[in-house]
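Chains as they are written, first to last, in numbering that gives the first Met the number 0: chain A, 0 to 402; chain B, 0 to 211.
Calculated directly from the structure, the hints in this document are not laboratory data.
By construction, the Cβ of each residue, glycine as well, lies at the ideal position given by its N, Cα and C atoms.
Incorrect hints may appear among the rest.
Derived DSS-like pairs (lysine-lysine); straight-line CA-CA distance at most 27 Å [stated by the list, open to error]: (1) A:LYS241 to A:LYS230; (2) A:LYS297 to A:LYS266; (3) A:LYS297 to B:LYS6; (4) B:LYS199 to B:LYS35; (5) B:LYS6 to A:LYS6; (6) A:LYS266 to A:LYS245; (7) A:LYS376 to B:LYS73; (8) B:LYS35 to A:LYS9; (9) A:LYS9 to B:LYS191; (10) A:LYS6 to B:LYS35; (11) B:LYS62 to A:LYS266; (12) B:LYS144 to B:LYS165; (13) A:LYS266 to B:LYS6; (14) B:LYS144 to B:LYS6; (15) A:LYS9 to B:LYS62; (16) B:LYS34 to A:LYS9; (17) B:LYS62 to B:LYS191; (18) B:LYS34 to B:LYS189; (19) A:LYS6 to B:LYS144.
One-sided excerpt, in silico: chain A residues whose CB lies under 7 Å from chain B [claimed, not checked]: (20) GLU58; (21) HIS178; (22) THR179; (23) GLY181; (24) ASN182; (25) SER279; (26) GLY282; (27) VAL283; (28) THR286; (29) ILE290; (30) THR370.
With beta-carbon atoms standing in for the labels, derived distance ranges [claimed, not checked]: (31) B:ALA90 to A:SER64: 26 to 36 Å; (32) A:THR40 to B:LYS62: 32 to 42 Å; (33) A:ASP242 to B:GLU174: 46 to 56 Å; (34) B:ASP5 to A:THR390: 44 to 54 Å; (35) A:HIS350 to B:ASP5: 42 to 52 Å; (36) B:GLU148 to A:ASP199: 56 to 66 Å; (37) B:ALA192 to A:LYS6: 48 to 58 Å; (38) A:TYR397 to B:PRO64: 27 to 37 Å; (39) A:GLU372 to B:GLY129: 23 to 33 Å.
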Amino acid sequence: MAVELIKERKTVAMTGNQAIAEAMRQINYDVVAAYPISPQTELMGFFAEYLANGLVDTEFVTVESEHSAMSAIIGAAASGARAMTATAAQGLLYMYENLPIASNWRLPITMVLVNRALSAPLNIHCDHSDAMTARDSGWLQLFTENSQEAYHSLIMAVKIAEKALLPVIVNMEGYIVSHTIGNVNLFADAEVRDWLGESDWRTTVPHPLLDTDHPVTYGATALPDYYTELKYQQHVATWSAKDVVKEVLREFNELAGTDYALVEPYKLEDADFAIVVMGSTAGVARTAADILRERGVKAGVLKVRLFRPFPVDEIVENLKHLKAVAVLDRHDSMNGLASPLFQDIAASLYHLPERPMLHDFVYGLGGREVTVEDMLKAFNRLINLYTGKETRSSFVDYLQVRE
Amino acid sequence: MALSLDKGTIEIRWHGRGGQGTVTAAKMFASVAVKKGFHGQSIPMFGLERSGTPVAVYSRVSKEPIQRNDPVRKPDVVVITDPSVMVFLAASQGGKLPESIPDPREGITDETVFIINSPMSPEEAKRILGLEGKPNKVCVVDATKIALEEIGRNVPNTAILGAMAKILPEVVDMETVREELEESFGASSKLKALIPANLKAMERGYNEVRCA
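The task is simple: from the sequences and hints, build the whole structure.
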């Protein structure tokens with residue numbers, strides 16, 4: 000039996016990695032499998048300490064690679080276990096061939112992705128290029144701004160995964176969130192365990208492998224006669240997952256007294272110009288919007304929390320009345336068009352008869368520091384494009400490049 | 000004159016070297032701030048993290064939730080835990096530091112307060128920083144000497160926190176640091192034995208810090 004350590008809520012100072020390990024302890028996963036990679040290593044180190052001290056009931060599988068980590072977790076989840084892993088950058092790529100299997104098998108796995116730039120060149124710092132490789136993998140994805148939100152998001156992700164029967168990635172930015180210390184309000188252990196409910200292998204998935212009275216096949220072939228139907232079922236599940244996320248957020252907000260939503264608008268109601276952003280840059284962008292408002296510019300920010308499935312209606316609702324929108328992508332798709340968040344925002348707004356002008360800014364690559372001045376620069380460029388003071392040769396600017 | 004949170008967020012930039020506990024000191028500071036009911040933040044910047052390389056660490060403390068997580072560019076307080084920064088500055092031509100060492104004077108205003116680990120006098124430190132005649136308060140404490148005498152190792156953190164208790168009494172005080180040490184050291188009996196020496200070092204830091 001897992002030990003009850005925290006008996007009532009308390010606010011402590013924690014890094015993102017510490018907060019995630021704390022959530023893992025409180026969730027008391029049945030199975031965790033992981034292979035170390037910076038900046039995730041420390042996270043699993045904290046959790047391993049809890050395990051060694053006998054505080055959790057988890058079966059911790061120290062595998063020899065990320066490929067095996069994902070394989071082990073898929074097997075565990077198919078058996079009915081509450082299972083998770085965490086990784087970063089090339090670690091995610093190494094497990095990649097298993098990602099679409101987890102989602103098509105409808106396995107309620109949770110994964111923490113401690114966002115790190117992809118090699119090459121080798122870099123251990125944050126950007127979203129690892130998360131973006133998983134955007135078409137069928138996994139749901141949440142982005143988080145700070146250690147408090149990361150802690151909350153992992154707890155809600157377990158419920159989202161189990162209700163939607165789809166795997167969920169919780170993105171936490173490497174170093175910027177994983178190693179920055181901040182206020183975290185922790186639940187009492189019992190609150191987390193009551194809210195999530197006891198893990199029961201007979202009910203976590205509809206057809207657990209361990210149910211030998213009702214044997215099932217996972218991983219069967221589906222040739223041209225059935226592949227489309229099985230993909231369509233997954234399609235429907237992914238589309239309806241948005242409502243599941245909404246419902247879980249509502250329940251979570253009730254429990255925690257928070258006001259999480261799929262997207263989080265800041266001063267958008269009367270705004271002319273806005274930045275759309277995911278992750279830890281949101282607070283820096285809000286600070287810049289406040290500065291511009293003092294100068295008489297009606298600026299706002301939209302933070303996207305749920306990246307997959309993409310909350311199209313909520314995006315449209317919050318952006319449709321704006322003059323121009325700067326989309327911030329912490330990743331470059333290298334595709335001659337624009338990066339993923341820009342593409343998704345553009346596609347969401349396309350059907351409107353009148354829509355804001357859009358511009359894409361690639362920023363924060365490989366841990367490049369993101370300052371309030373950078374955000375002001377993006378706003379300025381956007382406004383100058385809108386008023387015709389400046390021109391553009393493509394939709395994309397590199398916000399911070401030294402020329 | 001002590002700094003107060005009534006005017007808003009206080010931003011701190013720490014200058015140290017990898018492996019000398021600057022990150023730990025900044026973390027302790029944030030932890031103590033949270034214990035006092037404030038919002039605390041500490042951002043260790045990890046370059047190629049190697050023991051002995053110069054590091055800059057950033058902290059914020061506020062009565063309101065902290066929105067920003069970018070590096071501190073206009074510090075209210077500069078804490079120099081690495082005594083060699085002042086030695087380099089004193090020896091440098093025209094007060095220019097080697098490129099590998101972040102300059103503690105970057106982005107300072109007339110109000111910026113310095114807390115420096117060094118055996119020199121606060122007047123000398125102020126002169127070396129090029130702040131003679133400026134309103135800046137420059138405080139010096141020989142935290143390394145205190146740490147060696149009290150703890151027996153070069154871990155100047157708690158003596159520095161003692162000096163900070165003098166400048167930022169709203170955030171840092173002996174009782175909260177004791178609580179913090181008991182929590183973070185409490186799990187190991189070996190570390191636990193070091194708590195009294197650390198508290199003594201903090202007390203000496205508080206009493207021995209001198210400002211100009």
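Hints and how they fare:
1. A:LYS241 to A:LYS230: holds, 18 Å
2. A:LYS297 to A:LYS266: Given that 27 Å is the threshold and the Cα spacing comes to 8 Å, the pair holds.
3. A:LYS297 to B:LYS6: holds, 26 Å
4. B:LYS199 to B:LYS35: Satisfied, since the Cα-Cα distance of roughly 21 Å is no more than 27 Å.
5. B:LYS6 to A:LYS6: violated, 36 Å
6. A:LYS266 to A:LYS245: holds, 22 Å
7. A:LYS376 to B:LYS73: holds, 19 Å
8. B:LYS35 to A:LYS9: Given that 27 Å is the threshold and the Cα spacing comes to 13 Å, the pair holds.
9. A:LYS9 to B:LYS191: holds, 23 Å
10. A:LYS6 to B:LYS35: holds, 20 Å
11. B:LYS62 to A:LYS266: holds, 22 Å
12. B:LYS144 to B:LYS165: Measuring from Cα to Cα gives roughly 19 Å; hence the hint holds.
13. A:LYS266 to B:LYS6: Status holds; Cα separation ~24 Å.
14. B:LYS144 to B:LYS6: Violated - the C-alpha atoms of B:LYS6 and B:LYS144 are around 34 Å apart, more than 27 Å.
15. A:LYS9 to B:LYS62: Within the cut-off at roughly 17 Å; holds.
16. B:LYS34 to A:LYS9: Answer holds: B:LYS34 to A:LYS9 is near 10 Å, not above 27 Å.
17. B:LYS62 to B:LYS191: violated, 31 Å
18. B:LYS34 to B:LYS189: OK: B:LYS34 and B:LYS189 at ~24 Å, within 27 Å.
19. A:LYS6 to B:LYS144: violated, 42 Å
20. GLU58: Because about 24 Å separates A:GLU58 from the closest Cβ in chain B, which is outside the 7 Å limit, the hint is violated.
21. HIS178: holds, 6 Å
22. THR179: holds, 5 Å
23. GLY181: holds, 5 Å
24. ASN182: holds, 5 Å
25. SER279: holds, 5 Å
26. GLY282: Hint holds; A:GLY282 Cβ to chain B Cβ min 4 Å, cut 7 Å.
27. VAL283: holds, 5 Å
28. THR286: holds, 5 Å
29. ILE290: With a closest approach of 11 Å, the A:ILE290 hint is violated.
30. THR370: holds, 5 Å
31. B:ALA90 to A:SER64: 26 to 36 Å: violated, 50 Å
32. A:THR40 to B:LYS62: 32 to 42 Å: holds, 35 Å
33. A:ASP242 to B:GLU174: 46 to 56 Å: Holds: the Cβ-Cβ distance is about 50 Å, inside 46 to 56 Å.
34. B:ASP5 to A:THR390: 44 to 54 Å: Once the Cβ atoms are compared, 47 Å apart, the range 44 to 54 Å for A:THR390 and B:ASP5 holds.
35. A:HIS350 to B:ASP5: 42 to 52 Å: Given a distance of about 51 Å, which is inside 42 to 52 Å, the answer is holds.
36. B:GLU148 to A:ASP199: 56 to 66 Å: holds, 59 Å
37. B:ALA192 to A:LYS6: 48 to 58 Å: violated, 28 Å
38. A:TYR397 to B:PRO64: 27 to 37 Å: Given about 31 Å between the Cβ atoms, the range holds.
39. A:GLU372 to B:GLY129: 23 to 33 Å: holds, 26 Å
This entry does not satisfy hints 5, 14, 17, 19, 20, 29, 31 and 37, going by the numbered hints stated previously.
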